[in-house]
Amino acid sequence: DFSKEGTQTVTAKGMLNMHGVAKERTLTGKLTVTKTGASLVGEFNVPLTDHKIEVPKLVFEKIAEVIAVKTNFSFVPYEQKK
Numbered sequence: 857d858f859s860k861e862g863t864q865t866v867t868a869k870g871m872l873n874m875h876g877v878a879k880e881r882t883l884t885g886k887l888t889v890t891k892t893g894a895s896l897v898g899e900f901n902v903p904l905t906d907h908k909i910e911v912p913k914l915v916f917e918k919i920a921e922v923i924a925v926k927t928n929f930s931f932v933p934y935e936q937k938k
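End of the sequence shown = 938 in the working numbering, gap-free, step of one.
Check the hints yourself; a few may be wrong.
Subject to a maximum C-alpha distance of 25 angstroms in a straight line, what follows is the list of computed DSS-like cross-link-like pairs (lysine-lysine) [said to hold, decoys possible]:
{"#": "1", "residue 1": "Lys879", "residue 2": "Lys926"}
{"#": "2", "residue 1": "Lys908", "residue 2": "Lys879"}
{"#": "3", "residue 1": "Lys908", "residue 2": "Lys926"}
{"#": "4", "residue 1": "Lys926", "residue 2": "Lys869"}
{"#": "5", "residue 1": "Lys879", "residue 2": "Lys891"}
{"#": "6", "residue 1": "Lys891", "residue 2": "Lys938"}
{"#": "7", "residue 1": "Lys891", "residue 2": "Lys860"}
{"#": "8", "residue 1": "Lys879", "residue 2": "Lys869"}
{"#": "9", "residue 1": "Lys886", "residue 2": "Lys860"}
{"#": "10", "residue 1": "Lys869", "residue 2": "Lys886"}
{"#": "11", "residue 1": "Lys937", "residue 2": "Lys879"}
{"#": "12", "residue 1": "Lys869", "residue 2": "Lys918"}
{"#": "13", "residue 1": "Lys886", "residue 2": "Lys926"}
Listed next, with one range per pair, are the computed distances between beta-carbon atoms [unchecked claim]:
{"#": "14", "residue 1": "Thr890", "residue 2": "Lys918", "range": "40 to 46 angstroms"}
{"#": "15", "residue 1": "Pro933", "residue 2": "Val911", "range": "41 to 47 angstroms"}
{"#": "16", "residue 1": "Gly862", "residue 2": "Thr927", "range": "17 to 23 angstroms"}
{"#": "17", "residue 1": "Glu861", "residue 2": "Lys918", "range": "27 to 33 angstroms"}
{"#": "18", "residue 1": "Lys913", "residue 2": "Pro933", "range": "48 to 54 angstroms"}
{"#": "19", "residue 1": "Val932", "residue 2": "Lys908", "range": "35 to 41 angstroms"}
{"#": "20", "residue 1": "Lys886", "residue 2": "Glu917", "range": "30 to 36 angstroms"}
{"#": "21", "residue 1": "Val877", "residue 2": "Leu914", "range": "22 to 28 angstroms"}
{"#": "22", "residue 1": "Phe858", "residue 2": "Val911", "range": "38 to 44 angstroms"}
{"#": "23", "residue 1": "Ile909", "residue 2": "Tyr934", "range": "33 to 39 angstroms"}
{"#": "24", "residue 1": "Lys913", "residue 2": "Lys937", "range": "53 to 59 angstroms"}
{"#": "25", "residue 1": "Glu935", "residue 2": "Val911", "range": "45 to 51 angstroms"}
{"#": "26", "residue 1": "Val866", "residue 2": "Ile909", "range": "24 to 30 angstroms"}
{"#": "27", "residue 1": "Lys891", "residue 2": "Pro912", "range": "46 to 52 angstroms"}
Please keep in mind that the hints were generated in silico from the structure rather than gathered at the bench. Quick reminder that beta carbons are idealized off the backbone N, C-alpha and C, glycines included.
I would like the entire structure built from these sequences, with the hints used as guidance.
Printed below as a string of C-alpha cells:
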C-alpha cells in the first residue's frame, strides 16, 4: 500500500532466468514508503543446480553451490513532463 508511510513485508512472484534456465520464484522483502518515495530490500538464495550451472571440479578456490542474492531498489514518484 503506497498510500501509507511505514514498512511492511511484501511478496512477489515471478520468473528468474539465469544461464538460459527460467525458474518460478516467490520472494519476500521489506517495502518502506516515505513522503519522497519507497525502497524495497530483500534477499534470496539460488542453488546453482536449479539453473544447470556446473561448478568446475578443478578450481583453485571453493565456489559456493548456493548463491546469495541481495536486492535493494529505490523508487521515486514519476513526474510527467508537460
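Report task. Take the C-beta atom of Pro933 and the C-beta atom of Val911, compute their distance, and say whether it sits inside 41 to 47 angstroms. Result -> 43 angstroms, holds
Requested in this report: Sort out whether Lys926 lies within 25 angstroms of Lys886, counting only the CA atoms.
Outcome: 12 angstroms, holds
Query raised in the report: At the C-beta level, are Val932 and Lys908 separated by a distance inside 35 to 41 angstroms?
Result: 38 angstroms, holds
**Report entry** Range agreement (Cβ of Leu914 with Cβ of Val877, hint 22 to 28 angstroms)
**Finding:** 24 angstroms, holds
Query raised in the report: In this structure, is the beta-carbon distance linking Phe858 and Val911 contained in 38 to 44 angstroms?
Result: Between Phe858 and Val911, where Cβ atoms are some 41 angstroms apart, the hint holds.
Query raised in the report: So does Lys891 sit 46 to 52 angstroms from Pro912, Cβ to Cβ?
Result: Given about 50 angstroms between the Cβ atoms, the range holds.
Query raised in the report: Falls inside 45 to 51 angstroms, the C-beta gap from Glu935 to Val911?
Result: Taking Cβ atoms as reference, Glu935 and Val911 lie about 46 angstroms apart, which means the hint holds.
Query raised in the report: Does the Cβ pair Ile909, Tyr934 satisfy 33 to 39 angstroms?
Result: 36 angstroms, holds
Report task. With a cut-off of 25 angstroms on the C-alpha distance, tell me whether Lys926 and Lys869 pass. Result -> 16 angstroms, holds
Query raised in the report: Using the C-beta atoms of Lys913 and Lys937, is the stated range 53 to 59 angstroms upheld?
Result: Cβ of Lys913 to Cβ of Lys937: about 56 angstroms, so the range 53 to 59 angstroms holds.
Query - Lys879 paired with Lys869 [C-alpha distance capped at 25 angstroms] - result: This hinted pair holds, its Cα atoms lying about 11 angstroms apart.
**Report entry** Straight-line alpha-carbon gap Lys891 to Lys938, limit 25 angstroms
**Finding:** 23 angstroms, holds
Checked against the numbered hints given earlier, this structure breaks hints 5, 11, 12, 17; the rest are met.
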